[in-house]
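Using the hints provided, position chain B relative to the given structure of chain A.
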Amino acid sequence: MDEIRNFCIIAHIDHGKSTLADRLIQHCGAVDERKFRDQILDSMDIERERGITIKSNTITLSYKASDGKTYQLNLIDTPGHVDFSHEVRRSLMSCEGAILLIDASQGVEAQTVANLYLAMEFDLEILPVINKIDLISADIERAKEEIEADLGLDPEDAILCSAKEGTGIDELLEAIVQRLPAPEGDAEAPPRALLFDAAYDPYRGVVLACRVKDGALRAGRTIRLMNTGKEHEVEEVGLLGLQRKPMPELGTGSVGYVLAGIKTVRDVEVGDTITEAERPATEALPGYKEAKSVVFSSIYPMATDEYVELVKALDKLVLNDAALTFEKDSSVALGHGFRCGFLGLLHLEVVQERLRREYGLSLVLSAPSVRYRVTLENGEVCSVDNPSFYPDPSTIAGCEEPFIKGSVLIPERYIGAVMELCRERRGVETNFNYLAAKRVELTSELPLADVLFDFYDRLKTITQGYGSFDYEMLDYRETDLVKVDILINGEPVDALSQLVHRAKARPRALHYCERLAETIPRHQFKIAIQGTIGGSIIARTNVQALRKDVTAKCYGGDITRKRKLLEKQKAGKKRMKTIGSVDIPQSAFVAVLKTDTDS
Amino acid sequence: MSEEPAGLYFHIPFCSRICPYCDFAVRTGDRARRRRFVDHLLAEIELHDGQALRFDTIYFGGGTPSSLLPEEIGQILDAVRRRFRFEDDVRIFVEVNPEDVTAETVTAWRGLGVHTLSLGIQALNADGLKFLGRLHDVDQARHSVDLARDAGFDTVAIDLIYGLPGQTASDWRAELDRALALPAQHFSCYQLTIHPRTRFSLLEKRGELTQLPVDEQGELFRLTHRYLNDAGMQGYEVSQFARAPAHRSRHNLKYWNHTPYLGLGPAAHSFHERRRWWNYRRTNPWQEAILQGKLPVEGEERLDTRALVLEALMTGFRTYAGVDLSGIRSRWGVDLQVTDSALINRLHSEGLLSLADDRLVPTLEGLALADSISPMFGAAFDVTP
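So the sequences go chain by chain: A and B. Under the numbering used here, the first residue of the first sequence is numbered 1, with each subsequent residue one higher. Under the numbering used here, the first residue of the second sequence is numbered 1, with each subsequent residue one higher.
Fair warning: there could be bad hints in the mix.
[To be verified] Mimicking BS3-like on lysine-lysine, the simulated pairs with C-alpha atoms at most 25 Å apart in a straight line are: (1) Lys-526(A) / Lys-574(A); (2) Lys-564(A) / Lys-553(A); (3) Lys-460(A) / Lys-483(A); (4) Lys-594(A) / Lys-564(A); (5) Lys-526(A) / Lys-573(A); (6) Lys-205(B) / Lys-562(A); (7) Lys-328(A) / Lys-316(A); (8) Lys-553(A) / Lys-130(B); (9) Lys-553(A) / Lys-294(B).
Hints in this document: simulated from the structure, not taken from any laboratory.
So here's chain A without its partners, still in its complex pose (with noise of 0.2 Å):
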């Protein structure tokens, strides 16, 4: 257990993460030089492109330290955003120590201070390292300044390192070694291990990874996940190096893989506790939380005879995305297609990317919705997240929409326009304090509805980068909730209804009726959209004939060209969905959920 050390990373986005787990692994010698790539952890080309970390990936390093002795190094990599915060945590949860990273350029961000106090949460020891020393604009000193400013730690413990150049790698893994602590446990006790990651192999089945609290797990034994209650027989337990690397057991203080033929990753919760069916543990370790899907979307393929791949591409996708959730949905405009559960709008529009890319499926999406509690006059309860089940209106007595506890962390010159953001957005009880000088954690009671639409990127723009947000959900509160219909020339499109509070049902009825008039193409006919409530028009945009569409010569040369022009674009209008006679391009779905700076 001495020669263990398991931390994490954490670091404000673009501050280098990815690329100093690319540089300790390539120090400790775990990867072949000629198969490195770029940010080995962030496995998938989402990730990589958008510079953030969705799924948690793990590896096992081999390190031998100036003492002589050789540690197992466990980085366990946590994701970047507040939609996956779940993950966060379980992650958290699996180390001792955590690696605190500065940018020398940028100095302390406000996700530094908000990633150390989570890791504070969870009692890590916190090794503050500032990277990027080789930017000309680097600024060693005001780094270090604001280290022990803002963040309250010693600025002589702060390692000076350039993951880009490979320079200070050496000290920061001594340091690793010598200042972070080894796991504690008892070995003998039954075995407890946290299960923080789940991931889907074709050839394997479920490749569970955890951490070793107590005891050990073996291959051959049968384990009990103490939440779900399901047992199974561990075929193999080892060490998750960029390969797996198999090994006789897993022991105390130690993380690594354990495959126990589970078929897909809805078999298991992450987060809950391996125990051994024989010798089971009397208590499961703290930190299980349901991963619970707060928002809704339907999804419909753009072409309806690509259903059947929509069905197989989901299959496989909740194979390793057991936050996902999805059942049949249909509707008159789209078609066959599912109503999906979804952690938050990224994993939403993380699933829609993967969907796209790696199914190569072209999709449709209705506006996303929280799921809302309806009282009906009879005294019946029922859950509402889809606008094509909400009931009768008059047959409603009353409803409510889940709150959060939303949680900035800004620097204290944005309190203004954050109170304001979270007013606009129905915010209650919304409070702060002083963390340390000048840095604020605001709070507010806010609906998630309205938390949903693009709070976050507002909130990222009006504080320029330096606001965080986290959340937990409160409950439910009463709320004034109608159900708006987008009509286009008169005929409603299902899947662009929305349940809305009612003083937010013009703005977003208009935002709707905009973003469509700018997206739907001229057809040869004036075509009128319109926002109602309950048949009376609360908005309306239109889109003007198109009076002149004609080239003007074609002759001998101009007519095959200019047929293939035809060809294309009526294989255009096959990708689009025709409403009445107006066909809407799939951008304009896409449109209408957009960021609305003017709202």
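Relative to the frame of chain A, chain B by itself:
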């Protein structure tokens, strides 16, 4: 089915200067080069089987056919008369630039049996001519029309370009008045189109040229048709107007009716039955092939029924005569009245077309939307490729 007489086209790529709007296969070239070109063209004629088709039109386009000497045109005509079969009433069309029109040249062309002289006037105001990069002035333009009329051509045709940046409806109406005052029996009025890889497209990218907004283009388009029809210059296609049916371009109609045509010279296209093929666009590979005794064909396509019907719709909706439903039925076995009846009713109710004598006839509004309307058809038989 006894085939309609075919059209014979010659592409003469030379221009003394490349116009900034032109995306045709054009080039400059000195006298010696032009002479060599004619020799190659004569050789190309000899590569063809003269018996496959019977022609009733010969069209010299370009480029600028008047960049050749009249006697060179005469040599080409002599060669084709020897090689190919012709109907008795064959008609000959030549495109010329106003600056090449003199008392001598018109006499020479007339002497070669040319029926229609098509003059690249393009504009009848100094600013317009300058903008379009033309080498002639307004007086030369007028004078060339008079000379052509005096020489006794059956049809004097003029080309005009409208929709220039900043052009207003009253500017264009005044221009049309000037044109109507000329002794020409045929107008081609082309809306300015900015093609890729032209000087205008470069200027547009640089922000130095802005096209008229599409709604204004539409206004000018409808104005052109209403105004000329009212003046007795009857429209018969999107850009074509004639004083009387006899003055219509018999040759160009072939492109729109799937009548066979044979094109010679660089970039020229040919069509027969279900095959369309085209010559090398660039002069060098074109002449290389001819020197090796091979047809200078760069590419070809076989048209399936779907493509033929789409073309028939595409070109048909551009004409006043409209889409010939019975022709499509008998030639390719597709009955659009069955496959697209709902669409036809809808377009009719939207005032874009009418159905008369087994033809889908576009209204003026429909004509202006020809490119949008044609691809709407054929959804039913489009499913199977």
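query: Which numbered hints does this structure break?
result: 3, 4 and 9
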